[in-house]
Amino acid sequence: MSATAQPEVVTRFAPSPTGFLHIGNARTGLFSWLYARHHGGRALLRIEDTDAARSTKEAIDVILDGLKWLGVDWDGHEYYQSQFQARHAEVANEMVELGHAYRCYMTAEQLAAGREKAQAEKRPYRVESPWRDGAPAGDGAFVVRLKAPREGETVIDDLVQGRVTVRNAELDDMVLLRSDGTPTYMLAVVVDDHDMGVTHVIRGDDHLNNAFRQLAIVRAMGWPEPVYAHVPLIHGYDGAKLSKRHGALGVDAYRDELGILPEALFNYLLRLGWGHGDDEVISKEQAIEWFDLAQVGKSPSRFDLKKLENLNGHYIREADDGRLAGLTAPRVGKLIGRDLSTAEIELLVRAMPELKPRAKNLNELAENSTFLFQARPLDFDEKAAQLLAGDSPRLLARAWSALNALDEWTALATEAAVRSTAESAGAKLGQVAQPLRAALTGRATSPGIFDVLVLLGREESLARIADRMDGAE
RNA sequence: GGCCCCAUCGUCUAGCGGUCCAGGACGUCGCCCUUUCACGGCGAAAACACGGGUUCGAUUCCCGUUGGGGUCACCA
Numbered sequence: 004m005s006a007t008a009q010p011e012v013v014t015r016f017a018p019s020p021t022g023f024l025h026i027g028n029a030r031t032g033l034f035s036w037l038y039a040r041h042h043g044g045r046a047l048l049r050i051e052d053t054d055a056a057r058s059t060k061e062a063i064d065v066i067l068d069g070l071k072w073l074g075v076d077w078d079g080h081e082y083y084q085s086q087f088q089a090r091h092a093e094v095a096n097e098m099v100e101l102g103h104a105y106r107c108y109m110t111a112e113q114l115a116a117g118r119e120k121a122q123a124e125k126r127p128y129r130v131e132s133p134w135r136d137g138a139p140a141g142d143g144a145f146v147v148r149l150k151a152p153r154e155g156e157t158v159i160d161d162l163v164q165g166r167v168t169v170r171n172a173e174l175d176d177m178v179l180l181r182s183d184g185t186p187t188y189m190l191a192v193v194v195d196d197h198d199m200g201v202t203h204v205i206r207g208d209d210h211l212n213n214a215f216r217q218l219a220i221v222r223a224m225g226w227p228e229p230v231y232a233h234v235p236l237i238h239g240y241d242g243a244k245l246s247k248r249h250g251a252l253g254v255d256a257y258r259d260e261l262g263i264l265p266e267a268l269f270n271y272l273l274r275l276g277w278g279h280g281d282d283e284v285i286s287k288e289q290a291i292e293w294f295d296l297a298q299v300g301k302s303p304s305r306f307d308l309k310k311l312e313n314l315n316g317h318y319i320r321e322a323d324d325g326r327l328a329g330l331t332a333p334r335v336g337k338l339i340g341r342d343l344s345t346a347e348i349e350l351l352v353r354a355m356p357e358l359k360p361r362a363k364n365l366n367e368l369a370e371n372s373t374f375l376f377q378a379r380p381l382d383f384d385e386k387a388a389q390l391l392a393g394d395s396p397r398l399l400a401r402a403w404s405a406l407n408a409l410d411e412w413t414a415l416a417t418e419a420a421v422r423s424t425a426e427s428a429g430a431k432l433g434q435v436a437q438p439l440r441a442a443l444t445g446r447a448t449s450p451g452i453f454d455v456l457v458l459l460g461r462e463e464s465l466a467r468i469a470d471r472m473d474g475a476e
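Numbering (the working numbering), first residue to last: 4 to 476.
Treat the hints with caution; some may be incorrect.
Said to hold, decoys possible - No more than 25 Å apart at the CA atoms, straight line, and that leaves these computed lysine-lysine pairs for DSS-like: (1) K287 <-> K310; (2) K71 <-> K310; (3) K287 <-> K71; (4) K287 <-> K337; (5) K309 <-> K287; (6) K120 <-> K150; (7) K287 <-> K301; (8) K386 <-> K431; (9) K60 <-> K71.
Said to hold, decoys possible - DEER-style ranges, computed between Cβ atoms: (10) D76 <-> D142: 49 to 57 Å; (11) G79 <-> R126: 18 to 26 Å; (12) P133 <-> D295: 44 to 52 Å; (13) R166 <-> R57: 32 to 40 Å; (14) D64 <-> Q377: 47 to 55 Å; (15) R126 <-> E61: 21 to 29 Å; (16) S304 <-> N407: 54 to 62 Å; (17) E11 <-> D142: 43 to 51 Å; (18) A56 <-> S344: 43 to 51 Å; (19) Y240 <-> S423: 49 to 57 Å; (20) A89 <-> L338: 48 to 56 Å; (21) K386 <-> A428: 50 to 58 Å; (22) A428 <-> A466: 33 to 41 Å.
No lab work stands behind these hints: they were computed from the structure. These numbers come from a predicted model, not from an experiment. A virtual CB, placed ideally from N, CA and C, is assigned to each residue, including glycine.
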């Protein structure tokens, strides 16, 4: 808390539980969180769970877990919109008493007829309720409608969008309270944001139009007006709206299915639609220090999985070997059909320095490490099989002898042995090394062959070579 | 369709009237390193949507066109 009169910044992220944390929502949440952290304010979380059918415990946990994994925490407990319904109704009724809202008895049929007529006349439809101006109360069911201003215009100085002006004639008398007495989303957000003390409403720009109508409620109640910031949505790589088909996966899918590290997704999402000079790799601490809404672009940006994976590769290379092994082990287990033993996980940790520069996600890391754990005789892929044909068994036999004669089993020693084998056989190093690689890993590509030899150990290495050499029993 | 917003390399972006025949990153393509694949290093191709203004001077300001997006519920 500063001693100056700067009011505290309070932001909120308000996702509705749809069963997954959409990547675009996650970015909006990230921005909202960063803005609060940057200004030393509070970042709040409110679950918009008024749709009881969708708002299951599981759906809510997906969001909570996703944010936590991303490293986006929030202050205090999370709020649940469904708990404030009585309060919403109270505000709606107060607005009726104040003359800023009214009970409307129009039927669904009347509304539909009005809409149809407007469409036929090719003019925009606006609710024209006789009860707006005090028609005597009807006797059927009613909704409470906002008595929206009709003259003049409403201006919002949006932190991202700039100054946006809309003529009040465009605004509608939207429903605040449904005929069953429950609040609509429009009412609920405004009331909750006010009650929670939210000063900065940072959300997707699909809400920009709503802001004008919501502001009407704020003003009717005489509440302090929040600062708005509507950040653009994320699009798919082809420019179309992000659908499941091209990347609109939940945050959990990036973690579980694509094997993305949280710091990579954090960094990628941050750089999507926001920039700080030429900086590409940005830590959380730097992000908090540098982030500002003013630099957020106004146009929607496209999601590029290639760039995310490049960043992910960077963070994998930087990550601690033990942590990576822990994340990779279960994936390896799935690939080889059994869990890794403690000793095998330790081997994975030791192999990590050689493994991690070759992977851009955890799945690749797992795939590239399976050779360490496969039981003899190995399976060979097509390219490996080719490498083991022709003269290779003979060269492998010579390599086997040279290696078998070694006193110490180090990368240096094995390299010397293999090099002299090649030399004495009149072959290039590659002519020996490649078959060796195939025999040891079952593949044509792998970490450096001498590192592989050391990781596998003397006994296993010699046995694997023997399996493929001339004179193999 | 009405209303609102947007527009720099394929993608993410830097640029906030002259420093820009436009910089960085991913991707692509070469070369180097090298036992493979990566990593790393070096280099190349690649953009100011179009048309009018304003100005001594526009990528930068204004208008229009085109293109894209959002939104128009008793959903959130």
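**Given hint K71 paired with K287 - CA-CA distance at most 25 Å** = holds, 14 Å
**Asked** Regarding the pair K287 and K301, is the alpha-carbon distance no greater than 25 Å?
**Response** The given pair, whose Cα atoms are some 23 Å apart, holds under the 25 Å limit.
**Asked** A428 and A466, beta-carbon distance inside 33 to 41 Å?
**Response** Given range 33 to 41 Å: violated, Cβ gap about 22 Å.
**Message:** I want to verify a distance hint. Is the separation of the beta carbons of D76 and D142 within 49 to 57 Å?
**Reply:** holds, 52 Å
**Asked** Between D64 and Q377, is the Cβ distance one that fits in 47 to 55 Å?
**Response** violated, 37 Å
**Asked** Taking the CB of A56 and the CB of S344, does the distance hold inside 43 to 51 Å?
**Response** About 46 Å separates the Cβ atoms of A56 and S344, which means 43 to 51 Å holds.
**Asked** Do the beta carbons of A89 and L338 sit within 48 to 56 Å of each other?
**Response** At roughly 54 Å between Cβ atoms, L338 and A89 fall inside 48 to 56 Å, so the hint holds.
**Asked** Has the given pair, K120 with K150, been kept, meaning a C-alpha gap of at most 25 Å?
**Response** holds, 22 Å
**Item:** Cβ distance range 21 to 29 Å for R126 and E61, holds or violated
**Value:** violated, 45 Å
**Message:** So if I understand the rule, the pair passes when the alpha-carbon distance is 25 Å or less; does K386 with K431 pass?
**Reply:** Within the cut-off at roughly 19 Å; holds.
**Message:** With the threshold set at 25 Å, check whether the alpha-carbon distance from K60 to K71 stays at or below it.
**Reply:** holds, 16 Å
**Request:** With a cut-off of 25 Å on the C-alpha distance, tell me whether K287 and K337 pass.
**Result:** violated, 32 Å
In this structure, the hints that do not hold are numbers 4, 11, 14, 15, 21, 22, in rising order.
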